[in-house]
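Visitor: Spelled out from the first residue to the last, the chains are:
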Amino acid sequence: MNSFLKTGKIGQKETVKVPTTSKAKGTPRQKATPWVEKYRPKTVDEVVEQDEVVEVLRQCLSGQDFPNLLLYGPPGTGKTSTILAAARQLFGTMYKERILELNASDERGIQVIRDKVKSFSQLTASHIRSDGKSCPPFKIVILDEADNMTGAAQSALRRTMEKESHTTRFCLICNYISRIIQPLTSRCTKFRFKPLGEEKIIQRLEYICNEEDLKAEKSVLKTVVDASGGDLRRAITCLQSVTRLKGKGIEITIDDVLEISGIVPVKWLDDLLKVCETKNYNEVEAYVDKFMLEAYSASQVVDQLNDIIIYSNILTDKQKALIAEKLAICSYRLLEGGSEYVQFMNLCCGIMQAFEIR
Amino acid sequence: MSRSKRNASSWLRSSFDFDAFDEDFSKKKCISDFIEDKNKETDFTYHNANVLQKKKNNLSALLSTCAPQKSSELAVSRQKQQEISRWFDNKVQKGKPSILIISGPSGCGKTEALKVIAKEHNFDVIEWITPIDQVTNENTDEIVRQGEIFEDFLIRTTRYSSVLSSYSRRLLLVKELPNTYIEEKDDFTKLLKKYCQYGREPLVFINTETSNSKLLTTLFSQTNRDTFAIDFININAVTQTALKNIMKRVSTILNTKVGYMLNITQNRIDEVLSNSIGDVRSALLNLIFYSLKVEHKSENECNVREETLGLLHAIGRVINPKKNVNGCSWQFVHNPDDLASCFHTQANTFIRFVHENYMNTIGSNLDSVAMAVDVISLADVLSSEWKDNDIHKLALSYCVRGVMIANKKPVSQWNPVRKPASFEFNIQRNYAAAEFQWYKKYISPKLEKQTDVEELSESFIEEIVD
Amino acid sequence: MSLWVDKYRPLNFKKLSYHLEQAQQLKNMVEQGDFPHLLIYGPPGAGKKTRIMCILKELYGNGVDKLRMESMLFETPSKRKFEIMTISSNYHIEVNPSDVGIYDRIVVMNLVKSTAQTHQIDPSGQREFKVVLLTSVDQLTKDAQHALRRTMEKYVGTCRLILCTNSISRVLPAIKSRCLAIRVPAPKIDDIKSILHYVAKRESLNLPDELATRVAEMSGRNLRRAVLMLEACRVEQYPFTAEQKVTEPDWQVYIRGIATLLVTEQSPQKLLEVRTRFYELLTHGIPTDLIFKGLLQEVTKNCDLQLKIQIANVAADYEHRMHQGTKIIFHLEAFAARFMAIYKKFMDASLEAFV
Chain A
1 MNSFLKTGKI GQKETVKVPT TSKAKGTPRQ KATPWVEKYR PKTVDEVVEQ
51 DEVVEVLRQC LSGQDFPNLL LYGPPGTGKT STILAAARQL FGTMYKERIL
101 ELNASDERGI QVIRDKVKSF SQLTASHIRS DGKSCPPFKI VILDEADNMT
151 GAAQSALRRT MEKESHTTRF CLICNYISRI IQPLTSRCTK FRFKPLGEEK
201 IIQRLEYICN EEDLKAEKSV LKTVVDASGG DLRRAITCLQ SVTRLKGKGI
251 EITIDDVLEI SGIVPVKWLD DLLKVCETKN YNEVEAYVDK FMLEAYSASQ
301 VVDQLNDIII YSNILTDKQK ALIAEKLAIC SYRLLEGGSE YVQFMNLCCG
351 IMQAFEIR
Chain B
1 MSRSKRNASS WLRSSFDFDA FDEDFSKKKC ISDFIEDKNK ETDFTYHNAN
51 VLQKKKNNLS ALLSTCAPQK SSELAVSRQK QQEISRWFDN KVQKGKPSIL
101 IISGPSGCGK TEALKVIAKE HNFDVIEWIT PIDQVTNENT DEIVRQGEIF
151 EDFLIRTTRY SSVLSSYSRR LLLVKELPNT YIEEKDDFTK LLKKYCQYGR
201 EPLVFINTET SNSKLLTTLF SQTNRDTFAI DFININAVTQ TALKNIMKRV
251 STILNTKVGY MLNITQNRID EVLSNSIGDV RSALLNLIFY SLKVEHKSEN
301 ECNVREETLG LLHAIGRVIN PKKNVNGCSW QFVHNPDDLA SCFHTQANTF
351 IRFVHENYMN TIGSNLDSVA MAVDVISLAD VLSSEWKDND IHKLALSYCV
401 RGVMIANKKP VSQWNPVRKP ASFEFNIQRN YAAAEFQWYK KYISPKLEKQ
451 TDVEELSESF IEEIVD
Chain C
1 MSLWVDKYRP LNFKKLSYHL EQAQQLKNMV EQGDFPHLLI YGPPGAGKKT
51 RIMCILKELY GNGVDKLRME SMLFETPSKR KFEIMTISSN YHIEVNPSDV
101 GIYDRIVVMN LVKSTAQTHQ IDPSGQREFK VVLLTSVDQL TKDAQHALRR
151 TMEKYVGTCR LILCTNSISR VLPAIKSRCL AIRVPAPKID DIKSILHYVA
201 KRESLNLPDE LATRVAEMSG RNLRRAVLML EACRVEQYPF TAEQKVTEPD
251 WQVYIRGIAT LLVTEQSPQK LLEVRTRFYE LLTHGIPTDL IFKGLLQEVT
301 KNCDLQLKIQ IANVAADYEH RMHQGTKIIF HLEAFAARFM AIYKKFMDAS
351 LEAFV
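Residue numbers (full-length UniProt numbering), protein chains in the order written: chain A, 1 to 358; chain B, 1 to 466; chain C, 1 to 355.
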């Protein structure tokens, strides 16, 4: 997902902190840069949290070499940022030429992997940077969203990785390591990225607010963090979207954040549980109708309801289990393209049934 | 010279060289679409027999020997025959135009019926065949439009009669229209008008119903039919009994006449019958190819031919399962897996057939119905997965077994196996647009004729420009 | 002649009559000169399209009013050609990629590409980007959505996408996260009523308040439908009376008819009849979730709670299977059959209890 912000077509605003790597073309009109890109860490040390990984990488960097990497962890925890920052430190201004980035939305069949990676890795890399400093004589292939690659493509990669090891390092990035085939994981050094702590995200957001001249209460920022579920990128994007809609210099409120991030207000969820508790089908039907018209997304409700159910003090474990099962089914079916109305109705019925046993 | 030219302009051919013409004619039939135009003149049976002696593999001749000669031999039901006869008796007047449309599914015997009945009413049938080559005017060397030739055919053909023809009257038969008329509806209406003015002899259109033919709604719309007083006769697909009778008749003819190359047995007839639904032509062709005597010796080795199972037969076994009860245990007479294994290659078709027909024999037990259709529904889900080849087999086997088990007490009554309706459901209509459209028609009915999407967006555009 | 729906469609932000705060925000955003890709979602008839047109108008001025219809030709890798209708102005192009079914991926990729690559030579030079408006995004195949996300980021410099959809549950999270999502809830009953009154006033008609209320309620908070219904009423009968008939689209009536069939008699013969009716609906291209929703709403009317829950469960099961499978009719029929079986059992049981 990172690549939304990596298109590099938009010139970057010159801020004090931005190093020279950005290729700002002097466009007459100042364009808005995605903040995620703007505040992407420039060195490995700037990476938020993830101390372990950073430590190892720093060691590697001082030794001017590193093994093949496999970075995994939830989205928005800084996987791509880390490897990009590392590459930047290693290669300086040349890092664009030394990196081949492929992500899932590119054509990534077996043939493409073979051709692109092969032709890229066959280019020789000198060990001297353009500015005269020495740098490691290899290139990096970054395979973003590697868990979306087909099994066949992954197998094809296996051989390539070994064959090109003298000139090329591979860096696989994925959310779920279980979807990477065993032979690949065994060829890489694995790093797990922890979800970011709330405090750390808020700190970062506060820093950005400060830079961008925004006013936001700490409680508002906390809502932002909650809404983005520990995903720093989403949090930053959310913040930027709000400013876009509201204009600069205006105080951001909790409502704005909720609206932008598509979070269903708690009131609706409370109503849902209340109306299910009445065990009156007609009322539930009316509620669902009304809910649909508000254009909230049913899959979002499923996500939020999950938290509420798990932390609920009123429900018994058995009830929780029943509801959770329904939630799982509903979520899956919605993703498969099921009708929101019918599936949501079914979910409500399931909750009603769960309330019956007590 | 193209065959089409002959057909289109047979009225100006001199009829003196009858023999040559005849020779010519039968040769052409070899290359022509042998099924479509069969011969109807009586003396041709004899003639064809001669040809057969000469050309042993002449399929078209073979087929024409099978053509019905009497109305009793027709595949079309008696009622429909009478309808056509009545049209000849009542509507056809000497020197006046009259139009009839016969419509029906392919291979139900429309053309044969018309020809035989026309013969009985002493009509000579002249058939239009759209020329494939371009026809040039002999004087000016310009290319003549198909539409003009067709017009010529309709208006002028009947003016001159062949000297040798023994028939008193003639009848124009049109089975295919020149493509120009499909686009130009108005031209066609004009043509019909002209025919009504000048035409002398009856005109019959034959329309084969296919899923996408729109002829009846476009060219022969209800208004057109009303203005030109066109009669319309719809013929149904051939029933299984009628087909059986025809097969019986044909088999005796073929066995006696061309016994040296064909060997038709009752077994084969049954097998062919079980596989065809209401299409005489295809049944006949199947039968002939099936019964061809194979000359080379390998037959002995193939003696233990695997039992092939007709689709309809198999469906019958699935929807009407028979059990061998043995004490308290039982098993199916026909093993479900064997049934399924015969249709691996056409799993989807088979499932659709089962779906269409499973309710025939299931009686009134709703639980069984629900279970059976649940099985079918799951089988569809399974067979939509493309991950694995085996899953298709699995789906089919599951479907067959499930439906057989669900049907606990099959009601054994005679039920024809139906063909599943062939619908295309991939029309994804924009609901909002559809609703808009519906109201629009309601509000201003005169806009109805225009097509959906165009209209919608056009009005939208107008509005914004305002 | 144009329908009232078009005639009274607001053309700029000032004329919008509800969701005013949101309108102001959108205006703000456009005034800043640049915005990310937009994902506008809401139920049908909530005014999504109207808002999009307002945004375009605000962006480009009157230039967007000069619309033309074109059919664009695309070719699949297997050399199959197909056409799709587009509506475009100098500044934007609108297309519904799901019109072409499984080939939507090609449309999405090529259209965005060609739009983004042709630079605008415009003397006024208002904007550096063009807008591509894609409707019914939720009906796009997963393949097309993946392609979309790639094209989205690739051409962000020269082209902005506005995606318009009814529900975002079916939109990939990856796309959601790349867009600024804007929710357009359905207008309130009162909003609709006041708009109906406004329309009536402009047409100098006398609209009784009761009728306005009824139309607004029957429309299911769908503004487009409400205005269409009002105009249909006008055709039907004028002067208006409070109790006059409000016309509904015939498929609604038809679906209700099927539900009645299911409830009145449960037998395989009836099921066959229901099957032909399903075929009828499907050949007319009525969306399947509409059929399921309609049936579920209607058949549960005279059941008790347990039964309702059971039926909702069954409906959800088969609805899901329908999306996995390919033959819609199987699953519709399976639902009908299962309902009949359940309902019959229920009726028999309650009869016995009665005796």
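By construction, these hints were calculated from the structure, which means they are not laboratory data.
Careful, some of the hints might be misleading.
As the list claims (entries may be wrong) - Pairs of lysine-lysine residues, derived as BS3-like cross-links and limited to a Cα-Cα distance of at most 27 angstroms, are as follows: (1) K113/C with K408/B; (2) K14/C with K246/A; (3) K176/C with K200/A; (4) K96/A with K14/C; (5) K163/A with K190/A; (6) K49/C with K116/A; (7) K27/C with K79/C; (8) K176/C with K215/A; (9) K246/A with K270/C; (10) K345/C with K246/A; (11) K279/A with K345/C; (12) K409/B with K66/C; (13) K116/A with K113/C; (14) K176/C with K194/A.
What the hints assert, rightly or not - Some chain A residues judged to face chain C by a derived CB distance under 10 angstroms, without partners named: (15) P75; (16) E162; (17) E164; (18) T167; (19) L335.
Please read all numbers here as calculations on a predicted model, not as lab measurements.
Cβ coordinates follow ideal geometry from the N, Cα and C atoms, glycine included.
Visitor: Next, verify each hint and record whether it holds.
Guide: Hint by hint, here is what the structure shows:
1. K113/C with K408/B: Violated - the C-alpha atoms of K408/B and K113/C are around 60 angstroms apart, more than 27 angstroms.
2. K14/C with K246/A: holds, 18 angstroms
3. K176/C with K200/A: holds, 25 angstroms
4. K96/A with K14/C: violated, 48 angstroms
5. K163/A with K190/A: Within the cut-off at roughly 20 angstroms; holds.
6. K49/C with K116/A: violated, 42 angstroms
7. K27/C with K79/C: Outside the cut-off at roughly 44 angstroms; violated.
8. K176/C with K215/A: holds, 26 angstroms
9. K246/A with K270/C: violated, 59 angstroms
10. K345/C with K246/A: Roughly 59 angstroms separates the two Cα atoms, so the pair is violated.
11. K279/A with K345/C: holds, 22 angstroms
12. K409/B with K66/C: Cα-Cα ~69 angstroms, so violated.
13. K116/A with K113/C: holds, 22 angstroms
14. K176/C with K194/A: holds, 24 angstroms
15. P75: Holds: closest Cβ of chain C sits about 9 angstroms from P75/A, inside 10 angstroms.
16. E162: At about 29 angstroms, which exceeds the 10 angstroms cut-off, the nearest Cβ of chain C leaves the hint on E162/A violated.
17. E164: The hint is violated - E164/A has no Cβ within 10 angstroms of chain C, the shortest such distance being about 26 angstroms.
18. T167: Since chain C brings no Cβ nearer than about 28 angstroms to T167/A, farther than 10 angstroms, the hint is violated.
19. L335: The hint holds - L335/A has a Cβ within 10 angstroms of chain C, the shortest such distance being about 8 angstroms.
The structure shown violates the earlier hints numbered 1, 4, 6, 7, 9, 10, 12, 16, 17 and 18.
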